[in-house]
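Undergrad: Listed here are the chains, written in short residue letters.
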Amino acid sequence: MTDIEYRTMYEKSPQKAQTALFDEYLNYVYAIVYNKLRSCGSREDIEECVGDTFSAVFISYDKEGKFNGNLKGFIGTIASRKAVQMFRRLSSKSNSTVYIEDETTEFADSERIEENAERSEIRSLMLRLIKSLGEPESTMVIQKYYYNMNSTEIAQKHSLSPAVVRVKCSRALKKLKELLSKEGYDLKEGNI
Amino acid sequence: MKDNKEIGFDILENSNINDLEGIGADNMMIDKSARDRMLKITNNKYKKEKEMLYNEQRNENILENDDAVTGVENYSRKGISRIICTALSSAAVLAIVCGSIYMLNKNKGITPDSPEPLEKATTTIVSETNVNTTVTTAGTATATKNTASTKTSATDTNVNTADTTTAAVTNEAPANNTEPAVTEIDPKCITKYDSIDPAEATQEKLDAAFQRAMDKFMFGKNFYGYGKSSNPYEVEINTVPIWDIKADMRDINGDAVPELFISYDMRGESGQRTIMFIYDGNDFIAPTVKGCNIDGYEMLLYIDAEWMTYNQEDKCLYLEDKSGYSFTRKIKFDSDNSFTNVAQFNYQGYYEYGELVKKFDDVRGINPVYNSGTIGDLPGELMNAETFYADKNIKAEMYEENPYDYPSL
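As you go down the protein sequences, you meet chains A and B in turn.
For the first sequence, the working numbering begins at 1 and goes up steadily by one.
For the second sequence, the working numbering begins at 1001 and goes up steadily by one.
Keep in mind the hints are simulated off the structure, nothing from the lab.
Watch out, some of these pointers could steer you wrong.
[To be verified] In the EDC-like style, the derived pairs of lysine to aspartate or glutamate whose C-alpha atoms are separated by at most 20 Å in a straight line are:
no., chain 1, residue 1, chain 2, residue 2
1, A, Lys175, B, Asp1362
2, A, Lys63, B, Glu1049
3, A, Lys72, B, Asp1362
Given only the sequences and the hints, what does the whole structure look like? Please build it.
TA: Below is the structure:
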């Protein structure tokens, strides 16, 4: 959906336009929020944060009568900010100190910079190796081990049987372990 | 001894938005109940924030008004000046009306001699009379006669002149623009199924095939659904509870053999979907057409979508999905039972005959498949089935009995 499409729908029915925008970008927003809150938030926290994001997007349009810049980029930025706010709120409650790279300027000591750089490098490596598994295995691995989807859900998405998904995931994981091992890393069993 | 450092999938957390594209939105699966829950949360929050915004604005206005009236003496307009103003205005209006009537009477019977521009009349008649040259030439003769006998009617003059021009245009312009465009179509874009002799497709056979197809939906081990399937394998029905099943047989490609359309609500999908089947002489089968999925990977896809229309003018099926990014397809379905992947628009861009011709970022506002900026504005007739067949299939019943234990039964 583009800015113009939204405006046209909004003029006819604001509620319909908002629901259409919600449906269009729900997966995108959820992915961004999940990416930030996966470790510290519950499903309810993530859903609340998604609600915060869309509400802020709708209010912003009501105020300005337009979206600032590219619609997808705009929504992504708001989702990211809302997730960081929620992350801070949750972290302060649990008193844990987990870091988010986007917001680390206030802790700009050299140790944290090195740590972030290393983390970023490992993340890139991990993504590269997952992608090297090829399709649909790379997508399945992400779905199963990062998004914690079960085999049946993945099977629906790929039009395969759950049994086939299980076999493919297991083989892909084995291959990923080998690839990581060659690069000097082991895959944490408890984290799979 | 193990010296390797241990890492887990949590390393992917906090990726930047660009990396997220690789691991993100398209891999998510949000079921209908979660979607509804989040929409409700959004609406509640939006309502509250909107009220707060309204209150803030109202407070600001009150503050501004307070500033404006402080220390200012009240002004009250005198009643007599209002009466004088009203009287003067009325007199002015009366004078204008009377003056206009007088001037009209003075010029009575004389109409300005200003013939209409020739171009305008020419355009009008060309569209109506470019059928054959003989008739138009005869029209020219009549037109000349009319011009001589009647001078007063500006309209007649226009028509005559236009007729003459029409003759010239019709003679000069053979239908150059109706020349058929010759386009080479990559054979991989075409999937041809055998044509069926209508005499062989008896009502009895069709009814039996219909029943078998519906049984697959209701009780069978196989289910065809999902237009976005990565391959033509059939999905086991135990993964697919479906509700509100409707089915209709209708012949859309004019080969006198009906196609079967089944509409259904599926768990995990936001709205009703429709899938099309063709009759192969024995059964209704789900045809597949080569195309690209939402990510641009080439694969075989079913004729299955949230919105499906068939446009008789170009003999094309238009399919659109709107869960996440838009995914639109245009497939020519001809009377010889062939399917041609004409155009496609997904997150990667706009494709014609399987070739990417425009990237997604270059397409702004208008969906190039059906040339409209309005979502779901597909040309042709909607192909949704309308005849109710069943409330739910057997797996939907199982799901309703024990939703928390499903699908890990």
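Undergrad: Quick check: which numbered hints come out false for this structure?
TA: 1
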